[in-house]
Amino acid sequence: MIHLSTPLKKDALINLKAGDEVFLSGTIYTARDAAHKKLIQLLDDETPLPFGIEDGVIFYVGPTPNKPDEIFGSSGPTTSMRMDVYTPRLLQLGLKGMIGKGYRNDEVKKSIVSNKAIYFGAIGGAGAVISSCVIQSEVIAFEELGPEAIRKLEVKNMPLVVLLDTYGNDQYELGQHEYLNSKNT
Amino acid sequence: MKKLSCHVIREEIKKMCIEAACILPNDVEIKLKNSIEEEPYELAKKTLSVLVENSDIAKKLSKPICQDTGMAFVYITIGQDVQIVDGILEEAIQSGVRDGYEIGYLRKSVVSDPLFDRHNTGDNTPAIITYNIVEGDLFSITFAPKGFGSENMSMIKMLKPSDGVEGVKQFVKEVVVSAGANACPPMIVGVGIGGSFDKVTNLAKKALLREIGSKHVDQRYADLESELLDIINDTGIGPAGYGGKTTALALHIETFATHIAGLPVAVSICCHASRHKEVFL
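For the protein sequence lines, the chains are A and B, in the order given.
Mind the numbering: the first sequence is residues 1 to 185 in this note's numbering, read in order.
Mind the numbering: the second sequence is residues 1001 to 1281 in this note's numbering, read in order.
Source of the hints: derived by calculation from the structure; they are not laboratory data.
Since this is a predicted model, take the numbers as computed values, not measurements.
Result set (DSSO-like, lysine-lysine): computed pairs, CA atoms no more than 30 Å apart in a straight line: (1) A:Lys-152 with B:Lys-1060; (2) B:Lys-1173 with A:Lys-183; (3) B:Lys-1173 with A:Lys-110; (4) B:Lys-1046 with A:Lys-183; (5) B:Lys-1215 with A:Lys-183; (6) B:Lys-1199 with B:Lys-1160; (7) A:Lys-67 with B:Lys-1059; (8) A:Lys-156 with B:Lys-1045; (9) A:Lys-152 with A:Lys-110; (10) A:Lys-156 with B:Lys-1046; (11) B:Lys-1169 with B:Lys-1031; (12) B:Lys-1046 with A:Lys-17; (13) A:Lys-10 with B:Lys-1046; (14) A:Lys-67 with B:Lys-1277; (15) A:Lys-156 with B:Lys-1108; (16) A:Lys-183 with B:Lys-1033; (17) A:Lys-37 with B:Lys-1108; (18) A:Lys-67 with B:Lys-1014; (19) B:Lys-1046 with A:Lys-9; (20) B:Lys-1046 with A:Lys-152; (21) A:Lys-67 with B:Lys-1108; (22) B:Lys-1033 with B:Lys-1173; (23) B:Lys-1060 with A:Lys-156; (24) A:Lys-183 with B:Lys-1031; (25) B:Lys-1059 with A:Lys-156; (26) A:Lys-10 with A:Lys-109; (27) B:Lys-1045 with A:Lys-17; (28) A:Lys-183 with B:Lys-1045; (29) A:Lys-116 with B:Lys-1046; (30) A:Lys-67 with B:Lys-1060; (31) B:Lys-1015 with A:Lys-67; (32) B:Lys-1173 with A:Lys-109; (33) B:Lys-1033 with A:Lys-156; (34) A:Lys-183 with B:Lys-1169; (35) A:Lys-38 with B:Lys-1108; (36) A:Lys-109 with B:Lys-1045; (37) A:Lys-152 with B:Lys-1059; (38) A:Lys-109 with B:Lys-1046; (39) B:Lys-1108 with A:Lys-152; (40) B:Lys-1199 with B:Lys-1173.
Chain A extracted, bound-state conformation:
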């Protein structure tokens, strides 16, 4: 098992391969559909973003509201492809990691390679497990969006799988082929 900490540095990322299981610790930011739309609007208006994106990590999630006695609600990943239209621009600004689930389009894949970033998978639907890795949470922007607000999270040992690595390898293709090959031999 590989341990990674934020901010993500190039040296660590180029050693990752699709299929690697990783424990991620440090600061990450949540953003999904509506928050991405607003981030891009800020960039269009040449207004500073609410968090430093360089070497940063975005987690595509809209958590359930946390109860008074808990740090964070259930928080599995949402489908990443809805963010594809916004992603290359953020990668060019230095975004180094994305946590989500599901396929990305070719433009995002190319941008991940050229910007030496990583797309991590969290298991869709494992909302309670993932939530237990969050040790601190704070809404830092777009509070009016409710579950879609941007939250700054401190995570400890968040279990992830490398889905797209800096060399363009795709675990969704590799895993499928590996399983089918093992079955046919």
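Starting from the known structure of chain A, fit chain B onto it as the hints suggest.
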């Protein structure tokens, strides 16, 4: 005539919202556990184990299994000898959903207008309600919240009668493959065949509510169910799409008579968090 109070219905729906979100139905949990044993691919085994662990934690902490606590689908079966008193049934249901999502700390995921004003309604209403009127004095509520990761991947196709069984197989496979990792596999696949453009999607949804692994009463359809499940589990998509055997936990078919010119087919995909709960009042 049996009288049923709207207060009772509202209270019941409230409880169902919370329980459905936090407790994975027993049949799904058992199937998930069994699939770990039958899964040959290592990463897939681990992924399935995390899902079982997730369901244990959710139950213990009364925490939602998945953050997408869904849009609320409510199916009411009402006997014609039942009289609803103390209010309006529709309002009782919507109020129950509002209460449940608020008190249960469930995510409110509904926007008021689909295109122009995508503002969160703030209470997860309106729920989508389906009524079914039967004889006698039965009253049952099925509550089935559904996330849109999988809902977005569902499809319908109006096949030609000449497309036949092969056409159905091809379409079902096509939908499952295109859903793949996006739909949070291992999935449960509901297939509707027959009826009309609207009826067939209801059939597909209804198929999702059946007990995992239950068979269609007509042996030919039961055989088609197992053949399609094998086809899906031979794609290699696997749990979370990371590769493996367990792409679907079950596939159910529901059918209805149709027009001489038609063969409607709908495929409704549900993630492994196939949450539903039924009560009789």
